[in-house]
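Novice: With the sequences and hints as input, model every part of the structure.
Protein chains in written order, with our numbering: chain A, 1 to 301; chain B, 1 to 277.
No lab work stands behind these hints: they were computed from the structure. Do not take every clue at face value.
Claimed, not checked - In the PhoX-like style, the derived pairs of lysine-lysine whose C-alpha atoms are separated by at most 20 Å in a straight line are:
hint : chain 1 : residue 1 : chain 2 : residue 2
1    : A       : K122      : A       : K296
2    : A       : K122      : A       : K216
3    : B       : K230      : A       : K282
4    : A       : K182      : A       : K203
5    : A       : K282      : A       : K182
6    : B       : K233      : A       : K282
7    : A       : K274      : A       : K216
8    : A       : K216      : A       : K282
9    : B       : K225      : B       : K247
10   : A       : K196      : B       : K149
11   : A       : K206      : A       : K144
12   : B       : K221      : B       : K233
13   : A       : K182      : B       : K152
14   : B       : K188      : B       : K221
15   : B       : K235      : A       : K282
16   : A       : K144      : A       : K182
17   : A       : K122      : A       : K282
18   : B       : K149      : A       : K182
19   : B       : K213      : B       : K224
20   : A       : K196      : B       : K2
21   : B       : K188      : B       : K247
22   : B       : K2        : B       : K109
23   : A       : K245      : A       : K216
24   : A       : K245      : B       : K233
25   : A       : K236      : A       : K271
26   : A       : K216      : A       : K271
27   : B       : K149      : A       : K282
28   : B       : K235      : B       : K247
29   : A       : K236      : A       : K206
30   : B       : K247      : A       : K282
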Amino acid sequence: MKDNYCYYAYGLTIKAELPLPELERREGQEDVLIRYGNVPQSIEDAVVRMVRFEAAPDHFLLKVDGIARYYVREGKEIIIEPACGAREEDIRLFLLGSVFAALMHQRQILVMHGSAIGVNGKGVIFTGVSGVGKSTLAAALFQKGYHILTDDVCAVKALGSETPQIIPAFPRLKLWADAAEKLGTDIGSLPRIREKLDKYGLKVEKSFQQQPLPLKSIYILSNRDQEGVSITPLAKLNKLEALIKNTYRFRFLEGQGGKPLHFQQCVEVAKAAKIYQVVRPKGGFYLDELVSVLEKELREL
Amino acid sequence: MKGIVWLASYPKSGNTWFRTLISNLMSKSQEPVDINQLSTGGIASGRERFDELTGIESADLTFEEIDQLRPEVYAYLAQTVKEPLFVKVHDAYTYLPDGRPLLPVENCKAIYLIRNPLDVVISFSHHLRRDLDTTIELMGNSSYCFCAKPRKMHNQLRQQLLSWSEHVESWVEAPGLDVHVVRYEDLKAQTFETFTQAINFLGLTVGEKEIQKAVDFSDFKVLKKQEEEKGFKEKPSGMPAFFREGKTGGWKERLTEEQVEKIIDQHKRVMERFYYL
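Specialist: Here's what the structure looks like:
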């Protein structure tokens with residue numbers, strides 16, 4: 001194997017054959033190896049075969065046309081076969097998203113779809129459907145001085161410790177041009193996450209939360225045609241459903257036999273964390289209003 | 001039948017109304033279904049389903065890359081659903097550069113809802129919060145799309161609508177696709193009969209009683225009242241109400257002669273074909 005790069009993310013020491021500048025460098029005994037190699041077109045005894053991914057217990061395959069095929073094995077190894085002419089930043093983008101999520105699933109870590117911040121030693125997750133503004137909100141709170149744990153793929157160690165812990169991912173946020181503008185961030189100085197997308201990577205190294213934090217609350221973001229921002233605690237009965245719904249790539253679990261364990265993890269999180277529905281008006285960021293309402297909540301954590 | 005039933009229409013042509021009819025038809029309840037919990041199978045351009053079935057975040061793909069995968073997402077759905085899945089769609093029936101249709105035909109049928117463009121203009125201008133002349137321009141624009149700004153993240157995938165006429169023709173002439181056209185005006189004037197024809201086209205076995213119940217529970221007044229009481233989550237912001245008037249022929253009072261002429265000029269052939277002229 002060629003020279004290795006060594007990184008630390010999601011609580012794991014990762015040796016990689018390719019540079020991953022989004023991650024923090026740290027030497028150590030490897031937990032996960034990322035290498036180039038041949039990746040099959042299909043998993044022979046796959047339990048699920050969806051449009052671009054397949055899974056069997058301890059095996060996972062993702063195919064991103066024109067970029068790469070990724071194979072994740074036993075929570076320990078990721079093999080990448082790049083497509084002809086694929087750009088490294090594109091290969092990394094899907095590696096750090098769906099592929100890392102599959103790795104976490106294999107390592108029996110609960111993966112929520114959301115950004116997370118630290119407040120006075122406590123962890124808070126912002127979840128909700130794609131496009132609801134999780135990253136933009138995290139970026140706004142980052143500007144206010146809060147610590148960032150993750151942008152989009154949020155790992156939670158739900159079992160085996162006294163209380164569920166959010167595991168820090170890596171110090172980068174992804175922002176669309178209009179969101180960056182709204183935040184007053186000059187996109188001229190930021191790298192695009194892909195050449196063809198008007199979406200940028202924002203490094204948050206100094207505000208990155210290095211250590212896991214106990215998960216205290218989860219805010220589910222949504223919007224609706226209403227005046228002002230509202231926050232409503234979720235009734236106990238609805239918490240589990242909300243956690244399952246906002247699990248990142250829930251379908252990845254189907255093929256890997258992780259559903260009963262996942263359910264148990266959600267039960268633990270539902271016990272330990274408060275969950276709120278946050279609704280803001282449709283048709284705009286309403287970022288200042290959202291931040292000011294949330295900050296009141298965060299102060300009381 | 002199994003598979004996908006595309007509930008296809010240009011915007012503001014009765015799609016939501018038709019979905020409430022279907023939802024009420026499928027519902028066992030003796031109360032009208034909640035307009036905020038319509039049980040139909042979402043919208044074709046929804047991000048969630050795309051991300052879930054591909055395993056890839058659509059937010060990290062270009063419009064073209066997304067379109068390349070969309071046919072496979074729907075083909076997967078059409079093959080795997082055990083009951084007919086009614087999927088709303090505003091995309092025109094278009095083709096990828098390699099010739100594949102964006103929306104597959106296998107295991108799929110389509111109900112195409114069409115409404116007099118003279119009335120669509122008025123409703124659409126409220127929806128978009130644009131003036132009538134701009135809306136008329138957009139309805140005549142062959143490259144008109146929803147959710148296509150490259151600088152931001154839209155809550156739905158990009159949808160190519162084409163012009164109003166092109167939208168209609170793209171669907172009713174889609175090769176190999178079994179399409180049943182429902183005129184909004186017929187649905188309004190003879191709801192029971194028109195809805196029954198659609199049900200028969202789909203080959204659903206339901207009794208007259210159930211159809212009548214669905215018709216009664218989907219009456220415009222019922223929908224409007226629900227919206228007044230509880231709001232409607234699908235209503236765009238800034239619009240006073242989604243269920244506004246729901247009437248036909250409103251254009252006679254609202255459009256100027258020039259506006260009427262312009263619309264007819266743009267869409268004459270298709271309007272004639274569907275008895276609007």
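Novice: Decide, hint by hint, whether the structure agrees.
Specialist: The hints, checked one at a time:
no.: 1; hint: A:K122 x A:K296; in the structure: 15 Å, holds
no.: 2; hint: A:K122 x A:K216; in the structure: 6 Å, holds
no.: 3; hint: B:K230 x A:K282; in the structure: 16 Å, holds
no.: 4; hint: A:K182 x A:K203; in the structure: 17 Å, holds
no.: 5; hint: A:K282 x A:K182; in the structure: 16 Å, holds
no.: 6; hint: B:K233 x A:K282; in the structure: 10 Å, holds
no.: 7; hint: A:K274 x A:K216; in the structure: 6 Å, holds
no.: 8; hint: A:K216 x A:K282; in the structure: 27 Å, violated
no.: 9; hint: B:K225 x B:K247; in the structure: 16 Å, holds
no.: 10; hint: A:K196 x B:K149; in the structure: 13 Å, holds
no.: 11; hint: A:K206 x A:K144; in the structure: 13 Å, holds
no.: 12; hint: B:K221 x B:K233; in the structure: 18 Å, holds
no.: 13; hint: A:K182 x B:K152; in the structure: 11 Å, holds
no.: 14; hint: B:K188 x B:K221; in the structure: 12 Å, holds
no.: 15; hint: B:K235 x A:K282; in the structure: 9 Å, holds
no.: 16; hint: A:K144 x A:K182; in the structure: 14 Å, holds
no.: 17; hint: A:K122 x A:K282; in the structure: 30 Å, violated
no.: 18; hint: B:K149 x A:K182; in the structure: 16 Å, holds
no.: 19; hint: B:K213 x B:K224; in the structure: 17 Å, holds
no.: 20; hint: A:K196 x B:K2; in the structure: 39 Å, violated
no.: 21; hint: B:K188 x B:K247; in the structure: 8 Å, holds
no.: 22; hint: B:K2 x B:K109; in the structure: 10 Å, holds
no.: 23; hint: A:K245 x A:K216; in the structure: 19 Å, holds
no.: 24; hint: A:K245 x B:K233; in the structure: 19 Å, holds
no.: 25; hint: A:K236 x A:K271; in the structure: 9 Å, holds
no.: 26; hint: A:K216 x A:K271; in the structure: 10 Å, holds
no.: 27; hint: B:K149 x A:K282; in the structure: 17 Å, holds
no.: 28; hint: B:K235 x B:K247; in the structure: 18 Å, holds
no.: 29; hint: A:K236 x A:K206; in the structure: 37 Å, violated
no.: 30; hint: B:K247 x A:K282; in the structure: 27 Å, violated
When each numbered hint is compared with the structure, violations occur for hints 8, 17, 20, 29, 30.
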